[in-house]
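Undergrad: Each chain, written out:
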Amino acid sequence: MREKIANRQLFYILFMMRTTVIIAFLPVLTTADVGQDAWLTSIITLFTTAAIAILVAALGTRFPEQTVIEYGEGLLGPWLGKIPSLVILLALLIIAASDVRIYCEMLVTSFLTETPLSFLIGTMILISALGAQQGIEVLARIADVIFPLFLIMLVSSLLLPLPEFRAAYLEPVFAQGLGPISRASVAPTAIGAQLLILTILIPNLTAPRLATRTALWATVASGLVLIIAAFIVVGVLGPDLGSRSVFPFYTMLRSIEISEFLQRVEAPIIFAWGLGVFVSVSVIIYAGARGFSQLLHLKDYRPLIMPMAVIQGAYSFQAYDDVFQLLALFRPLPVGPFTFSWFLLSLVPLYLGYLYRRLWPKKK
Amino acid sequence: MPIPRRMFIIFFLIVFLLTGCWNRRDPELLGFVIATGFDYDPKTGLYQIVIQVANPLGSTSQEQGGGSVDKKPFWIVEALGHTPYEARENLALKSSVEFFWAHNSILAIGENLARRGILPILDLFERERQLRIITRPMVVEGDLRTLLEAEFPLEESSSRGLWRQATTMMFERTRYPSTVLRETIINLARPGVDIMIGRVGNIAPKTDDSTSTGTTPPAELAGAAVFRKDHMIGWIGEREVAGWHWVQGRAHRATLIVMSPLDRSPLSVEVHRSHAKIVPRVQGDEVTITVKIHARGRMQEQITPGDLVDIKERHASLERRTAAVIENDVEMALKRAQELNSDYLGLGNLIYRKLPREWELLEPKWEEVFPTLALDIQAQVDIVRAGLVTSAPTIK
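Keeping their order, the protein sequence lines are chains A and B. Our numbering applies: residue 1 is where the first sequence begins, and numbers increase by one. Our numbering applies: residue 1 is where the second sequence begins, and numbers increase by one.
Rather than coming from a laboratory, the hints here were simulated on the basis of the structure. Since the structure is predicted, the reported quantities are computational estimates derived from the model, not experimental observations. A few of these clues could be false.
Restraint ranges, calculated between C-beta atoms of paired labels, are given here [unchecked claim]:
no.: 1; chain 1: B; residue 1: T290; chain 2: A; residue 2: L224; range: 35 to 41 angstroms
no.: 2; chain 1: A; residue 1: L327; chain 2: B; residue 2: K335; range: 56 to 62 angstroms
no.: 3; chain 1: B; residue 1: E363; chain 2: A; residue 2: A6; range: 53 to 59 angstroms
no.: 4; chain 1: A; residue 1: R2; chain 2: B; residue 2: I9; range: 29 to 35 angstroms
no.: 5; chain 1: A; residue 1: L149; chain 2: B; residue 2: V97; range: 35 to 41 angstroms
no.: 6; chain 1: A; residue 1: S259; chain 2: B; residue 2: E220; range: 39 to 45 angstroms
no.: 7; chain 1: B; residue 1: K229; chain 2: A; residue 2: I83; range: 52 to 58 angstroms
no.: 8; chain 1: A; residue 1: A221; chain 2: B; residue 2: H272; range: 50 to 56 angstroms
no.: 9; chain 1: B; residue 1: L361; chain 2: A; residue 2: L327; range: 31 to 37 angstroms
no.: 10; chain 1: B; residue 1: E128; chain 2: A; residue 2: L130; range: 56 to 62 angstroms
no.: 11; chain 1: B; residue 1: E128; chain 2: A; residue 2: G77; range: 54 to 60 angstroms
no.: 12; chain 1: B; residue 1: V97; chain 2: A; residue 2: R331; range: 56 to 62 angstroms
If we take Cβ atoms under 7 angstroms as the criterion, some of the chain B residues that face chain A in the derived model are [said to hold, decoys possible]:
no.: 13; residue: I133
no.: 14; residue: R182
no.: 15; residue: I185
no.: 16; residue: I186
no.: 17; residue: R296
no.: 18; residue: R353
no.: 19; residue: P356
no.: 20; residue: L361
no.: 21; residue: P364
no.: 22; residue: K365
Virtual Cβ for every residue (Gly too), placed ideally from N, Cα, C.
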């Protein structure tokens, strides 16, 4: 019997997965030269990400009982059909590994300067893997518990800096034209590749046919958070300090000072971020292990989790020599074509195969 | 439910993570830095750091029993280095404890350093994880060490004293610009605005007689240092700082001395709300900026008898005279800014924000345009209250 999670829980998972990236390094501001117009970029990003959500979810809802691994083979044949699945699994691996790496880099930069990175990554992945071992239902319930906490910390960290907010830092609006704005929207759109997780999770939903709606709600909700966050971060830090910061959201929280008694309030949001990373990474490890077990036609995915986790951890640790490489990946040029190739090799063949099957149905 | 053995081992291992602070960095072994001062010695080319460290041994003065050692509640240490960071690290040679910087709330900048350039300090404060950009910067006219050693009669340390004084000034008067380091960093990067940092002056040397009730005030926060790019080019006075407050719309409360329309004797009007609307217009090189300031206030004092507020004409005259004081403040601020050719009022930035296309043409020659700039200042004051009585005591 297949494990079932509610669409609401999928919404929580997707929302936290997407919002942790905003808290991490606010890609709309830091990856290009958009400056004070970062919030305009966020609006564009909202639409492009929604398009990705529709593309990914729409295909999945055609096959509500199957993961991409199963319907991929159905659409493209047993061998060709493995290519999109492998690309998606690889994409998820890279996304989760980078997520963990960014979080651990943050911890090493600001809190635990002398702790070895490998220890932090190892702990994080181990805990996530233990979660994934329990199955998606358990993870979804964890998301249920964490979500309100996450939301409270997110909202309060967006409200507390408001006394320092200066609208003047956001002016002039739209002075540099469309060029920088669209350049800056590349990386946040590319991060929309996280939504590929849907291709594996849809059959686990109680209402798989409504998956598109759930995915869209999650995209819109996190998109709104992104717009507001971009607005407030620039209004508090100004475009220059904001875009020079490695973790602009964190830098903004560090400048909260409400009278004498409310200062240094950045720790809670870092916890929330960690919890969010934990949920998204364990869901991705789960999805990866399950996807792989289907690819190899194994009965159970559980034995694959620990090896997957080791690969995750090793990738997270080895893929980037230093924080500069990690940040360089998210410049528009590498990240745009890189993630585009994922879509090109996964969604495009699947859609072509689907079209082909619709136009020339197989005779039974 | 029995716990599986595997889980038990994992939980057991977690216990090892609960041993307290990494590398024995327990609070009692740390020295909490509460104020930092930086200066630069042009002769040696070295940066000097002076810090004030809270001393937990000194703060408990009423200890019972034992030979109570009379220790000061803080300690001042200084060191030198080729860069600010090196200077900071060199402090370790002179201290028995490791310093912890997250509680530092004051950045005192020596005049020599300010004139040379404060970028190295700004970089240190935004890069270092323990230091914070909500630190309050101030430029010191006088000796850094004397300032940090100064005794604030109502506070336990000068760090605390300066912090409170800066905060109080923000709400009470418009004579000192109370800003945080974040604003300095932001304004340095914004086009068409130069930075300005409050001034600490009239530092009184420490007196040994601490029981005296007549201790001279340890330091005065008034006026400001004005910069071009990151180096200081001059001091400005209190009225100019007031002008900056009006233009920025940052005046929380201001006391204005106005000549009474009755007999030209001085009286006080307290403004407690103000708002500025600034509109730039650019035609070629011709720049006109209209500054409209609207303030509300109350008459707080009248030293000669007579009816001022009941008679319409007198009331209006009083309001006009108060407005003229505000206009003069702004005029003085502009004149001084043009003298120093430092746009600390941010008028260029205003054009950049409101008319970005015109600014593109104007920016390369802004240094020539700015000194000839004229402001059209229109202040309007509503005096809405006059305290608990309507006029001064009557003499018959």
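Undergrad: Hint by hint, say whether it matches the structure.
TA: To see whether the hints hold, each was checked on the structure:
1. B:T290 x A:L224: 35 to 41 angstroms: Cβ of B:T290 to Cβ of A:L224: about 38 angstroms, so the range 35 to 41 angstroms holds.
2. A:L327 x B:K335: 56 to 62 angstroms: Between A:L327 and B:K335, where Cβ atoms are some 46 angstroms apart, the hint is violated.
3. B:E363 x A:A6: 53 to 59 angstroms: 57 angstroms, holds
4. A:R2 x B:I9: 29 to 35 angstroms: Holds, since A:R2 and B:I9 (Cβ atoms, about 32 angstroms apart) stay within the stated range.
5. A:L149 x B:V97: 35 to 41 angstroms: At roughly 37 angstroms between Cβ atoms, B:V97 and A:L149 fall inside 35 to 41 angstroms, so the hint holds.
6. A:S259 x B:E220: 39 to 45 angstroms: 24 angstroms, violated
7. B:K229 x A:I83: 52 to 58 angstroms: Roughly 57 angstroms apart at Cβ, these two residues keep to the hinted range, so it holds.
8. A:A221 x B:H272: 50 to 56 angstroms: 42 angstroms, violated
9. B:L361 x A:L327: 31 to 37 angstroms: 35 angstroms, holds
10. B:E128 x A:L130: 56 to 62 angstroms: 36 angstroms, violated
11. B:E128 x A:G77: 54 to 60 angstroms: 58 angstroms, holds
12. B:V97 x A:R331: 56 to 62 angstroms: Given about 43 angstroms between the Cβ atoms, the range is violated.
13. I133: 6 angstroms, holds
14. R182: It holds, given that the least Cβ distance between B:R182 and chain A is near 5 angstroms, below 7 angstroms.
15. I185: Constraint on B:I185 satisfied, holds at 6 angstroms.
16. I186: 4 angstroms, holds
17. R296: 22 angstroms, violated
18. R353: 4 angstroms, holds
19. P356: Since chain A brings a Cβ to about 4 angstroms from B:P356, closer than 7 angstroms, the hint holds.
20. L361: 14 angstroms, violated
21. P364: 17 angstroms, violated
22. K365: 20 angstroms, violated
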